[in-house]
Amino acid sequence: MSNNIDFKAIWQQRDVVVKPDIREVIKKAGQLKKSARNKLLGANGVIIAVTIYYIIFLNVYYDSNAITTRIGGLLTIIGLVAYLIVSNGLLLDLFKSHPETDSFAYLTELMTIKKKQELVHSKVVKMYLITLSAGVALFLIDPAIKAGVMWGSVMYIFLFAWMAFVYFYIAPRKIKKQHAEWSAVIEKLQAINNQLLLIKDME
Amino acid sequence: MSFQEIYDTYYSKIFRLCMGYMNDDAWAQDVAQETFITVWQKLAQFRNESAIGTWIFRIASNHCLRQLEKQNRMPRAEMPVQLEDKPLPDTESQVRLLYKCIAELPEIDRIIISLELEDVKQAEIASIVGLSETNIRVKVYRIKEKLSQKFKKYEQQY
Numbered sequence: 001m002s003n004n005i006d007f008k009a010i011w012q013q014r015d016v017v018v019k020p021d022i023r024e025v026i027k028k029a030g031q032l033k034k035s036a037r038n039k040l041l042g043a044n045g046v047i048i049a050v051t052i053y054y055i056i057f058l059n060v061y062y063d064s065n066a067i068t069t070r071i072g073g074l075l076t077i078i079g080l081v082a083y084l085i086v087s088n089g090l091l092l093d094l095f096k097s098h099p100e101t102d103s104f105a106y107l108t109e110l111m112t113i114k115k116k117q118e119l120v121h122s123k124v125v126k127m128y129l130i131t132l133s134a135g136v137a138l139f140l141i142d143p144a145i146k147a148g149v150m151w152g153s154v155m156y157i158f159l160f161a162w163m164a165f166v167y168f169y170i171a172p173r174k175i176k177k178q179h180a181e182w183s184a185v186i187e188k189l190q191a192i193n194n195q196l197l198l199i200k201d202m203e
Numbered sequence: 001m002s003f004q005e006i007y008d009t010y011y012s013k014i015f016r017l018c019m020g021y022m023n024d025d026a027w028a029q030d031v032a033q034e035t036f037i038t039v040w041q042k043l044a045q046f047r048n049e050s051a052i053g054t055w056i057f058r059i060a061s062n063h064c065l066r067q068l069e070k071q072n073r074m075p076r077a078e079m080p081v082q083l084e085d086k087p088l089p090d091t092e093s094q095v096r097l098l099y100k101c102i103a104e105l106p107e108i109d110r111i112i113i114s115l116e117l118e119d120v121k122q123a124e125i126a127s128i129v130g131l132s133e134t135n136i137r138v139k140v141y142r143i144k145e146k147l148s149q150k151f152k153k154y155e156q157q158y
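Chains as they are written, first to last, in our numbering: chain W, 1 to 203; chain U, 1 to 158.
Hints listed in this document are in silico derivations from the structure and should not be mistaken for laboratory results. Source: prediction; values computed, not measured. Some hints here could point you the wrong way.
[Said to hold, decoys possible] Stretch-level coverage of chain W by chain U, calculated; a stretch enters the list once three of its residues show a Cβ under 8 Å from a Cβ in chain U:
1) 9-21
2) 100-108
3) 187-195
Think of the CB as a built atom: it goes at the ideal place given N, C-alpha and C, for glycine as much as any other residue.
Use the sequences and the hints to build the structure in full.
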């Protein structure tokens, strides 16, 4: 039997256990679209709420005319908005793949996307932290002056300690973890791509 | 071709392709479903540049390849060649054996042989995977040889 095994005949005998109802597939496609939209709205919602909160806080509860406070608040908002734009880009077209292309092109596309994500992610997180830190530092100048030398110093010591902790400890750890995941995926994609390159070399 | 017709014509074929890649019923079903969701979403963009079958098989193959991101479900391909402790020749276990042997091949080989066994023309396989027809012809021959050896090895065990 082994010399002439009819693999095609054996292959075709594999029956589908359960074929899902077509309506389920269509419904799921709709749900996916909705959940992507909700995710987007959710992310935007949080950032818009924070921005509105800042504006209200600046204008109503904390009525300061100090330019540093204004610039600080503005910087923080700019950071948030930049983060919003990029994270929306991550969810939308910028990193969309095209599964209808051939596998060789698709794998190359996936690798480029992952590398782009890696680069953008670390740059955006760092930029966000820098604008946020600078924004808060500027924002606090006026209240710190009003609070007096001692309390003002305490405020800034805590602020810088916290920023240093976030910038040098939390952020690098998070970025490293995310990048390790992406690198593992890139490595695997590369390995499959190498299989294709090896076959191409056969000619 | 309407989505309904596509679904009815291709579901079994796509499911088998996914089974060849993953050798796991539930997982293959998930990926087959993901494939048809993409087909549903992109059908309006289909421009007849290739045959509809080629287009659907491309989407399915790429969804299979993408599964590497779900790493913890992946170890099947690295499993040893050791097979079940059951005597073979009934048809059911031959089917299981074939799918198991295929799932142990490298990823691209799995896709190529699954498409070949699904009776997809080699020119079409070439355009699905992104290789030349000559590449596919040589590769199919070698994979079949490898599969036969695996079968033989199994037979010798019993």
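Hints and how they fare:
Under a criterion of three residues with beta carbons nearer than 8 Å to beta carbons of chain U, the stated coverage of the segment 9-21 of chain W is upheld, 11 such residues being counted. With a cut-off of 8 Å between beta carbons, the segment 100-108 of chain W has 8 residues touching chain U; three or more are needed, and the interface restraint holds. Interface restraint, the segment 187-195 of chain W with chain U: holds (4 residues with C-beta to C-beta distance below 8 Å; minimum three).
The structure agrees with every numbered hint stated previously.
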